[in-house]
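If you read the sequence shown in the numbering used here, its first letter stands for residue 1, the second for the next number, and so on.
Honestly, the hints are just simulated from the structure, not real lab data.
Think of the CB as a built atom: it goes at the ideal place given N, C-alpha and C, for glycine as much as any other residue.
Check before you lean on any hint, since a few could be wrong.
Said to hold, decoys possible - With a cut-off of at most 25 Å between alpha-carbon atoms, the simulated PhoX-like pairs for lysine-lysine come out as follows:
#1 Lys103 <-> Lys343
#2 Lys500 <-> Lys512
#3 Lys393 <-> Lys288
#4 Lys393 <-> Lys271
#5 Lys393 <-> Lys290
#6 Lys392 <-> Lys490
#7 Lys347 <-> Lys103
#8 Lys524 <-> Lys490
#9 Lys480 <-> Lys490
#10 Lys347 <-> Lys106
#11 Lys392 <-> Lys288
#12 Lys392 <-> Lys271
#13 Lys480 <-> Lys512
#14 Lys500 <-> Lys490
#15 Lys392 <-> Lys290
#16 Lys658 <-> Lys669
#17 Lys490 <-> Lys476
#18 Lys512 <-> Lys524
#19 Lys643 <-> Lys631
#20 Lys658 <-> Lys631
#21 Lys171 <-> Lys103
#22 Lys524 <-> Lys476
#23 Lys524 <-> Lys480
#24 Lys490 <-> Lys503
#25 Lys472 <-> Lys524
#26 Lys490 <-> Lys393
#27 Lys347 <-> Lys361
#28 Lys533 <-> Lys480
#29 Lys490 <-> Lys512
Said to hold, decoys possible - Quick list of the computed label-pair ranges, beta carbon to beta carbon:
#30 Val545 <-> Lys503: 55 to 65 Å
#31 Trp98 <-> Asp579: 27 to 37 Å
#32 Arg376 <-> Asp579: 17 to 27 Å
#33 Arg575 <-> Ala514: 48 to 58 Å
#34 Trp98 <-> Cys466: 45 to 55 Å
#35 Val124 <-> Asp265: 37 to 47 Å
#36 Lys271 <-> Ala514: 44 to 54 Å
#37 Ser435 <-> Phe568: 22 to 32 Å
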Amino acid sequence: MGDLWRMFCGESGCSDIGGEPCDNAFLLLSDPNSCINHALIICFDVLLLAMLLFNMIQKSSSKSLYIPVRFQRFTTLQKVAAVVNSCLGIAYLCLGTWILEEKLRKTHTALPLNWWLLVLFQGVTWLLVSLIVSLRGNHLPRAPMRLLSVLSFLFAGTVCVLSIFAAILSKDVTIKTAVDVLSFPGAILLLLCAYKVFKHEETDVKIGENGLYAPLNGEANGLGKDHSAGHITGFAAAGFFSRLTFWWLNPLMKRGREKTLGDEDIPDLRKAEQAESCYFQFLDQLNKQKQAEPSSQPSVLRTIIICYWRDIFMSGFFALLKVLTLSAGPLLLNAFILVTEGKAGFKYEGYVLAITLFVAKILESLSQRQWYFRSRLIGLKVRSLLTAAIYKKQLRLSNAARLMHSGGEIMNYVTVDAYRIGEFPFWFHQIWTTSVQLCIALIILFHAVGLATIAALVVIMITVLCNAPLAKLQHKFQTKLMVAQDERLKACSEALVNMKVLKLYAWETHFKNAIEILRNVEYKWLSAVQLRKAYNTFLFWSSPVLVSTATFGACYFLNVPLYASNVFTFVATLRLVQDPIRVIPDVIGVFIQANVAFSRIVNFLEAPELQSMNIRQKGNIENVNHVISIKSASFSWEESSSKPTMRNISLEVRPGQKVAICGEVGSGKSTLLAAILGEVPHTQGT
Numbered sequence: 001m002g003d004l005w006r007m008f009c010g011e012s013g014c015s016d017i018g019g020e021p022c023d024n025a026f027l028l029l030s031d032p033n034s035c036i037n038h039a040l041i042i043c044f045d046v047l048l049l050a051m052l053l054f055n056m057i058q059k060s061s062s063k064s065l066y067i068p069v070r071f072q073r074f075t076t077l078q079k080v081a082a083v084v085n086s087c088l089g090i091a092y093l094c095l096g097t098w099i100l101e102e103k104l105r106k107t108h109t110a111l112p113l114n115w116w117l118l119v120l121f122q123g124v125t126w127l128l129v130s131l132i133v134s135l136r137g138n139h140l141p142r143a144p145m146r147l148l149s150v151l152s153f154l155f156a157g158t159v160c161v162l163s164i165f166a167a168i169l170s171k172d173v174t175i176k177t178a179v180d181v182l183s184f185p186g187a188i189l190l191l192l193c194a195y196k197v198f199k200h201e202e203t204d205v206k207i208g209e210n211g212l213y214a215p216l217n218g219e220a221n222g223l224g225k226d227h228s229a230g231h232i233t234g235f236a237a238a239g240f241f242s243r244l245t246f247w248w249l250n251p252l253m254k255r256g257r258e259k260t261l262g263d264e265d266i267p268d269l270r271k272a273e274q275a276e277s278c279y280f281q282f283l284d285q286l287n288k289q290k291q292a293e294p295s296s297q298p299s300v301l302r303t304i305i306i307c308y309w310r311d312i313f314m315s316g317f318f319a320l321l322k323v324l325t326l327s328a329g330p331l332l333l334n335a336f337i338l339v340t341e342g343k344a345g346f347k348y349e350g351y352v353l354a355i356t357l358f359v360a361k362i363l364e365s366l367s368q369r370q371w372y373f374r375s376r377l378i379g380l381k382v383r384s385l386l387t388a389a390i391y392k393k394q395l396r397l398s399n400a401a402r403l404m405h406s407g408g409e410i411m412n413y414v415t416v417d418a419y420r421i422g423e424f425p426f427w428f429h430q431i432w433t434t435s436v437q438l439c440i441a442l443i444i445l446f447h448a449v450g451l452a453t454i455a456a457l458v459v460i461m462i463t464v465l466c467n468a469p470l471a472k473l474q475h476k477f478q479t480k481l482m483v484a485q486d487e488r489l490k491a492c493s494e495a496l497v498n499m500k501v502l503k504l505y506a507w508e509t510h511f512k513n514a515i516e517i518l519r520n521v522e523y524k525w526l527s528a529v530q531l532r533k534a535y536n537t538f539l540f541w542s543s544p545v546l547v548s549t550a551t552f553g554a555c556y557f558l559n560v561p562l563y564a565s566n567v568f569t570f571v572a573t574l575r576l577v578q579d580p581i582r583v584i585p586d587v588i589g590v591f592i593q594a595n596v597a598f599s600r601i602v603n604f605l606e607a608p609e610l611q612s613m614n615i616r617q618k619g620n621i622e623n624v625n626h627v628i629s630i631k632s633a634s635f636s637w638e639e640s641s642s643k644p645t646m647r648n649i650s651l652e653v654r655p656g657q658k659v660a661i662c663g664e665v666g667s668g669k670s671t672l673l674a675a676i677l678g679e680v681p682h683t684q685g686t
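From just these sequences and the hints, can you work out the full model?
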């Protein structure tokens, strides 16, 4: 215990940053620079973190209460509290890192631990507690959260008073004293957040015992859209810890272990992931763009990005964190080898490296899973809204547009194109993270083998340049493949719909041959696409071998010395480069497929629609002599056609009158009914 105490405090139990001991026993208890106070403050930080972790675990395992949308938005007080306290937490972390770096530079040892460990503990605690209380406090139990905010307030007040007292005695104001004093206003903001913002349980909104609001009049007869709280996915009520570790999946896993899961066991999506919510959010943003720029057609891609830019940014942050933690491996390996060779920078560097490697791998695992999950979730939302938009568009499609987009093509938009666009968000971050990871790897290689890195860079550039014409060809062939697939699906759909006619006239062989010809055309383009993809795969899978060969050859000719440290660093870095290089063909292929699919869907969504102004509706028909009145009207299925389908049509139908329309086949009976419904544009008359 004595050795541990000396390791934590040094030879004196009370000292400042420079190591000067306290001169009396009173300061030993009252001065925040004393080691006893440092130990007490660290213990209190651990207590706050334990309470916070307990609240999150308790929330993730308890029954959730539905929170209305208006309470899920952040207020100004929450935003101010989060920003101020986050800056304080980051200031603590930067200060602790600076103290540790100065101690290592001057004394070549991290001992004693009390000063820099105290400031780092305070930074981590203040950052986590402030962010969760200010932004996620309404998702956690109210009483424990308020208790946590009160304890944080008392803790910040005590530290503030002690720092001011020490500054008065020493007649010196340090950076830590300033941050300690500023933490007290931050604690006041947290206290206000806990007591004045999160009051949705106390409002006059009627909430049932099962956590649901009283249904509206239109939903009272069992026709509503609300579900039982037990059938909503656990992700909707999961806390920070539960979402980080996917703890909310445990009940479903346990149920699947006990029996085979059925449809009734799968929980419903939360409101934000449902297709209706995604589509209405997309429609709202689209209408805003139309109002802002009424003269131009709003961009569908820009609208989707505006809807989900926060989710895209968060998944990108986790992707960047995964790349950085993964790239730290070769650097730590190099440091380990230097320590084993007796070139350690300070006494306990090996332990610090082991802990750093452990933390880096944990962060890498967590960030990778969050990246994958959030990207797939964005893809699910985008696919849902595009499917709903295609369905709604199909109901309003004009007759001229129906000639260009058949039923088989529309089905292809939903089953193939929307699916590929839904898969693209997962691969989107692969595009730029691959470049970032390659740049970091080249920097590490230059640090390890010097100018020999130029050979690796040249090989990578040649590989990318050789792939450029192949990528253009693949884009062209992919477009041809989708057109051929549409033609084949269109022919199959027409044959299935009119199968009775085919059987009656014995046209099966003729249509079979026609479909087989279309299938052969599709097979030709499919073969071309797969062959180009095979070329890309071979090119990029062989590039790591070429990179390593070129780099070691350059080391030989440039007389670059090879030691255990730089050789192992080079091999580990090359292992990191292999995965990004090998995934480049998949990224290119997915990008090309998504680009083609998106252009097809946008072309469909921008197709002309039925004009509702062609239908004139009147509510009170008792005072109207004619319910249907057509006077000298001409109708044409094609608006630009000079020869109308029907000319000089006059028709009057009175209320209650029964009218029979008779005529030969092709005389225009169905066209007249479609004109009354407004589906055929009129070129003349009323």
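Exercise for the section: Could you work out which earlier hints the structure fails to respect and list their numbers in ascending sequence? Expected result: Those not satisfied: there are none.
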